[in-house]
Amino acid sequence: MLLQLSDVDISYNDNVIVKGVNLELDSGERLSIVGESGSGKTTVIRAILGVLPRAGKVTNGKIIYDGKNILEFTPKEWKKVRGKEISMIFQDSGNMMNPVQKIGDQFIEYITTQEDTDKKSAYEKAVKMLSLTNLPNPENVMNSYTFELSGGMRQRVGIAMAITFEPKLLLADEPTSALDVTTQAQIVKELMKITKSSMIIVTHNIGVAAALGDKLMVMQGGKVVEYGKTTEVIENPKAEYTKTLLSAVPEIGGKRYA
Amino acid sequence: MPDENTENIMEIKNLTKKFFLDGDKVLTACDNINLSIPRGKTFGIVGESGCGKSTLLKAIMNIDPATEGEIIFNGRDIVKLKGEELRQNYRHIQLVFQDPTAAFNPKMKVKDIVTEPLINFNLIKKSEVNEKARELLKQTELPEDFAERYPHNMSGGQRQRVAIARALALEPEIIACDEATSALDVSVQDTIIKLLVKLQKEKGFTYIFICHDLALVSLFAHKMAVMYLGNIVEKIDGDKLQYAKHPYTRALLNSVFSIDSGKNKEVKVLEGEIPSPLNIPVGCPFQNRCAYKKEICAKEKPKLEEIEPNHSVACFFPINN
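The listed protein sequences correspond, in order, to chains A and B.
Numbering-wise, the first sequence is residues 450 to 707 according to my numbering.
Numbering-wise, the second sequence is residues 62 to 382 according to my numbering.
Honestly, the hints are just simulated from the structure, not real lab data.
These numbers come from a predicted model, not from an experiment.
Chain B stretches covered by chain A per the calculated footprint, using a threshold of three residues with CB under 8 Å from any CB of chain A:
| id | stretch |
| --- | --- |
| 1 | 243-254 |
| 2 | 263-275 |
| 3 | 278-288 |
| 4 | 294-305 |
| 5 | 311-325 |
Glycine is no exception: its CB is placed at the ideal position from the N, C-alpha and C atoms.
Please take these sequences and the hints and turn them into a complete structure.
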């Protein structure tokens, strides 16, 4: 077992936002979390990475990662794990980067902070990672600013950074929501191909969740309403909310509105 | 064909929109667009970001007028309208935006937001605002006491209903929706589309519905157009979308993830990215990503031609099932 959450409550300023989350993830397993905005999906993965906003706190339960309770991690222990063993892909990787610093400089800084290495080999590693994500002309990308790249290219840079150290656990917060369908398909397929890491994918696109996740978790109002194998949840939903959600997904050739 | 014209509320003829940039560069956002919008129906426009669909909508709305071409609406070319005539024309075509938070004045109450168009056209008096606002909220299935609220005091779905209520206020003939449900969760999106369908049946509105969700458009639109790099590459009925013949439309269809795991295995990736509109290739705009490209595609631009009734494709080698 790589990750286990048991009875986790998360509060913001004493208001309980997420209540009683249980989940288990084996090495190499992928879990998708779906639900409406405000249902607490992002809060859960932020808690796993220990990056809740200042007002947020895990108020109950345990988060066991690799046999250790991460809620008891010291800043020093976090430094070893975060960005290296557990990393994160954001909705728009352009936003997590500095707009006035070249991508290459940021990538090299990231590598040299995590690893005792010189700039030259860090550069080579960065280029290697970028080409792994199908970015044409990686040297050119290294020399660019975020605003010079398209959304799909920026997202590939974010993925390249997140998988640089072959993390055991990869957290992805709406990794394809800002992209067009064609780019979304490219990114989803690449994610499945280039990394063997365990993954937790937060998305509101149920098709993407089904394609990526071995397991599926449905959240509503801070609670888990359904959790199980993806195929079982989709073919045989138990919770009323899951049924509503699945029936609302438009499918080509499905039931017309008019 | 005079009969066909009476069925169509709007005819867009040879519409081109160019932006003239620094250094004598020209960006062609919409290239020779021809569309017939049927009265009382929903017309969907799909395509990737940057394909020119929003620019086309702005040209139709006359917010950012077309460079060339005609838009015949109610027998008049509205591209040439000026001054008061142009202003009066806005009464008949209203717009719903993607993000209602950005489209509203945060300091206005809902009742003032939804009745502002009526005040602007002197159609009601200030004293009638309360009554009219309640009526509009009722039509969009919102509680009447929302009239006294501010936009930030409601959910995204409720705000979008307010945006629809405002678009309804002038009883327009056409309501244009620019990604009106893209920011919403699927279950909320479902209720908003159902509301739009209900209103269409009651009031006979024509919708021009821009969206990047292919599946949604196909289920909601009666007719639809697929845009790529400023060109319409295919026109087809919404319920026939799965029989599309243009390689680009097919690629879009193959990119959609489904809740059906069997279908997800068939998802095929369209490689590459949309070229810069500043640098449109000679010949077919889709050639650099097309799996069926032949020599002629790089030399000549395929025309949009009707290959069967209500189905046009701009491709030399349309795919047959």
